[in-house]
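Sequences are here, hints too, so could you generate the full structure?
2 protein chains.
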Amino acid sequence: MAKVAFIGLGVMGYPMAGHLKVKGGHALTVYNRTFSKAEKWAVEFGGRAASTPAEAADGADFIFSCVGNDDDLRSVTTGKDGAFETLKSGAVFVDNTTASAEVARELDAAATARGAHFIDAPVSGGQAGAENGVLTVMCGGDPAVFERARPVIDAYARMVGLMGPAGSGQLTKMVNQICIAGLVQGLAEGIHFGKKAGLDIEKVIEVISKGAAGSWQMENRHKTMNAGKYDFGFAVDWMRKDLDIVLAEARNNGARLPATALVDQFYAEVQAMGGNRWDTSSLLARLDSK
Amino acid sequence: MAKVAFIGLGVMGYPMAGHLKVKGGHALTVYNRTFSKAEKWAVEFGGRAASTPAEAADGADFIFSCVGNDDDLRSVTTGKDGAFETLKSGAVFVDNTTASAEVARELDAAATARGAHFIDAPVSGGQAGAENGVLTVMCGGDPAVFERARPVIDAYARMVGLMGPAGSGQLTKMVNQICIAGLVQGLAEGIHFGKKAGLDIEKVIEVISKGAAGSWQMENRHKTMNAGKYDFGFAVDWMRKDLDIVLAEARNNGARLPATALVDQFYAEVQAMGGNRWDTSSLLARLDSK
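Chains R and S, in that order, are what the protein sequence lines are. One point on numbering: in the working numbering, the residue at position 160 of the first sequence is 160, and numbering is uninterrupted. When you read off a place in the second sequence, starting at 1, and then add 1000, the result is the number in the working numbering.
No wet-lab data here; the hints were simulated from the structure. The reader is advised that the hints may include incorrect statements.
[As the list claims (entries may be wrong)] Partial chain R-side listing against chain S, Cβ under 7 angstroms, derived:
| no. | residue |
| --- | --- |
| 1 | M1 |
| 2 | S124 |
| 3 | Q127 |
| 4 | T136 |
| 5 | A181 |
| 6 | H192 |
| 7 | K196 |
| 8 | A197 |
| 9 | L199 |
| 10 | W216 |
| 11 | W238 |
| 12 | A259 |
| 13 | L287 |
[Stated by the list, open to error] The following label-pair restraints were derived from C-beta to C-beta distances:
| no. | chain 1 | residue 1 | chain 2 | residue 2 | range |
| --- | --- | --- | --- | --- | --- |
| 14 | S | G1228 | R | F35 | 18 to 24 angstroms |
| 15 | R | N253 | S | V1134 | 53 to 59 angstroms |
| 16 | R | D81 | S | A1261 | 51 to 57 angstroms |
| 17 | R | K223 | S | D1071 | 36 to 42 angstroms |
| 18 | R | D237 | S | P1151 | 50 to 56 angstroms |
A virtual CB, placed ideally from N, CA and C, is assigned to each residue, including glycine.
If you want it as C-alpha cells, here you go:
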C-alpha cells in the first residue's frame, strides 16, 4: 500500500483513481480543477480531496495525472501550485494524459532535477476501459522506475508495456491513433459504398470480417455506424487533439502521413457538422451527408 | 458427383479446380488460354483438358471461371468459342473472377436467355486460401440456384454467402477492397512513423494490436512490413485492377471514396517504383522511400 495522488478526475481519471483505491488498496489524495468533483470522488471512494496539485502530491510515493493537453499538464506539474513543487525525492510521477513526446521529455528532466522520476503513460481503451480497469498503458521511462510503478498501474490496466525512454509511451499512442485514422476512414468508405450499392451491411460484415479486411473497429463499430449512431466512444474533438500532436511530431521526425493528415481534415468537417462529441466512427456521417 | 468445367487455371483457379476434383469428387474438364497448363492440370489431378471454353462447358452441370478481368470474362463466356455457346439448359455458371457488377448482371441476363443460371462469386483469401481450399466466397444470384451451387463451391471455401441478386457478390468484394485500402495505408503510416520515432515496432504492435487499432493486416503483415518484405500475397497490379472497378462503380452509385481514390494513386506510385508484383502492404515502401 502506497501513498498515491491523482490529478484530473475526468471521464478517464475518475474511474482510474477509483481502481487505484479499490483494486490497488492505496491511500488516495485527489485533485481536480473543479473542486466539487474531487469532493464527490473522496466521498464515493474514501480519500482526501486536495485544493491544489502541490497539496495532492505532498508526501506521495506515486502521483498520477490525466488531464487535457500539454498546457494543462504543464500547469498541474511545473506551474504555480503544481505537483512538482512538493514532489519528494524518489517519487514517481505517472502521466496518463495523451500529450506530446516533447512535454514528456521536459517533465522527465524536471523530475530528475528534483531527484524524482517521470513515466509518460498514455492509455487506450476509452471510457469503458477506464471504468472496467482494463486499459492498455504505453509507458516511456527508465526500466527500474517502470518496474516499481507497474504493480500500481496494474490496478486500472489489462496490458502495460515499457516502450523505451521518456516520450516513447506518447510516440506509441501516436502510432495507435495513426493506424485508427486510416482504418476507420476505410471502414466508413466501405459501409458508405455498401449502402449506396444497396447491400445488406450486416450480411456483408459477417462475410468479410474474418478475413483481410477485418479489424476491431469493424467488429465493434459496424452496427452503430450502420444505424447512424455515433455516441459510443472516443469523441472527435479528442481525436483532433491527438492528431494535432501526431502531425506536429511528424514535422519533427520527418514521417509522411498523407492519409492521417487527410482524415484530420475530415474530422474538422465533422466538427463543422456539429459532431464535436460524436465518436470517431462518425467519418461515415460525413460521407453519408448530402 | 457432377460434371464440372473450370475455365482459367491461374494461381487461384489451378488449386480451386483441384479441390473441385479431389475434395468435391466431381468429373472435371478444364480450359486455360495456355493449353499446356490445362494439360499439366489434367495429368496432375486426373481430368480432361479442353481446347476452348465451349468445349469445356459442353454438357457440364456447373461451369466455373476465374480469369483476369471483365474483358477476359466476356471472351470466355459470350465471345467466340465461349462457354455460353454450349451452356446447357439448367446449368449453373459460377464466376470467381473479381469483376464489375455490370458484367455480372450482363452474364446473368445472357445465361437466363439460354435457360441457364449465373452466379457472380468473387473470392478473398488469396493464393494461400485457394491452395488450402479455405476461401471466402461472396455470391450474387437467385437463392434457389445458390442453394444448388453451394455444396459444389464448398470444395474450395470456408465461408460462402449469398449477398443478394446478380452483381451483389462483386459489390461485396468491392466493400472488402475499400476497407483494406484505407486500413493498410493507416497501418503503413503507423509503422513508418514508428520507425522514424525510433520505436521497436514489434513491441509497439504487441501492445496495440489487441485494441482499437487492431486488424487482420496488423496481425498478419506487420512483421514482413517491418522487414521491408513485400512478397506475401495479393499484388499491387491486382489491387489497382480491383480499385479501378471500385472507383468506376462509385461513379455509378454516387459513393464518396476520398481515401480509396488517394490510396489507388499511392499504388500507382508503388508501380512506378517497380512494385507491380509486391503485395498490398508495400504502401510502406512508398512512405519509407527517399
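Here is how each hint holds up against the structure:
1. Restraint check, R:M1 versus chain S: the minimum CB separation of about 28 angstroms is more than 7 angstroms; hint violated.
2. Interface restraint check: R:S124 against chain S, minimum CB-CB distance 5 angstroms, threshold 7 angstroms, status holds.
3. Annotation: R:Q127 was flagged as interfacial toward chain S, and the flag is violated, the nearest CB pair being 12 angstroms apart, outside 7 angstroms.
4. Annotation: R:T136 was flagged as interfacial toward chain S, and the flag holds, the nearest CB pair being 5 angstroms apart, inside 7 angstroms.
5. The restraint placing R:A181 at the interface with chain S holds, with a minimum CB-CB distance near 6 angstroms, inside the 7 angstroms limit.
6. Because the closest C-beta pair between R:H192 and chain S is about 6 angstroms apart, less than 7 angstroms, the hint holds.
7. Satisfaction of the interface hint for R:K196 is found here, the shortest Cβ-Cβ separation to chain S being roughly 4 angstroms, below the 7 angstroms cut-off.
8. Nearest Cβ of chain S to the Cβ of R:A197: about 4 angstroms, under the 7 angstroms cut. The hint holds.
9. About 6 angstroms separates the beta-carbon of R:L199 from the nearest beta-carbon of chain S, less than 7 angstroms, and the hint is met.
10. Taking 7 angstroms as the C-beta contact cut-off toward chain S, the hint placing R:W216 at the interface holds, the least distance being around 4 angstroms.
11. Annotation: R:W238 was flagged as interfacial toward chain S, and the flag is violated, the nearest CB pair being 13 angstroms apart, outside 7 angstroms.
12. At a threshold of 7 angstroms, the smallest CB-CB gap from R:A259 to chain S is about 5 angstroms, leaving the interface hint in force.
13. With a cut of 7 angstroms, the hint placing R:L287 at the interface with chain S holds, because the nearest CB-to-CB distance is about 5 angstroms.
14. Our hint of 18 to 24 angstroms for S:G1228 and R:F35 is violated, since their Cβ atoms are close to 54 angstroms apart.
15. The given range of 53 to 59 angstroms is broken by R:N253 and S:V1134, whose C-beta atoms sit roughly 41 angstroms from each other.
16. For R:D81 paired with S:A1261, a C-beta distance near 52 angstroms keeps the hint of 51 to 57 angstroms intact.
17. A hinted range of 36 to 42 angstroms for the beta carbons of R:K223 and S:D1071 is consistent with their spacing of about 39 angstroms.
18. Take R:D237 and S:P1151: their Cβ atoms lie about 52 angstroms apart, and the range 50 to 56 angstroms holds.
Of the hints listed earlier, those the structure fails to meet are numbers 1, 3, 11, 14 and 15, in rising order.
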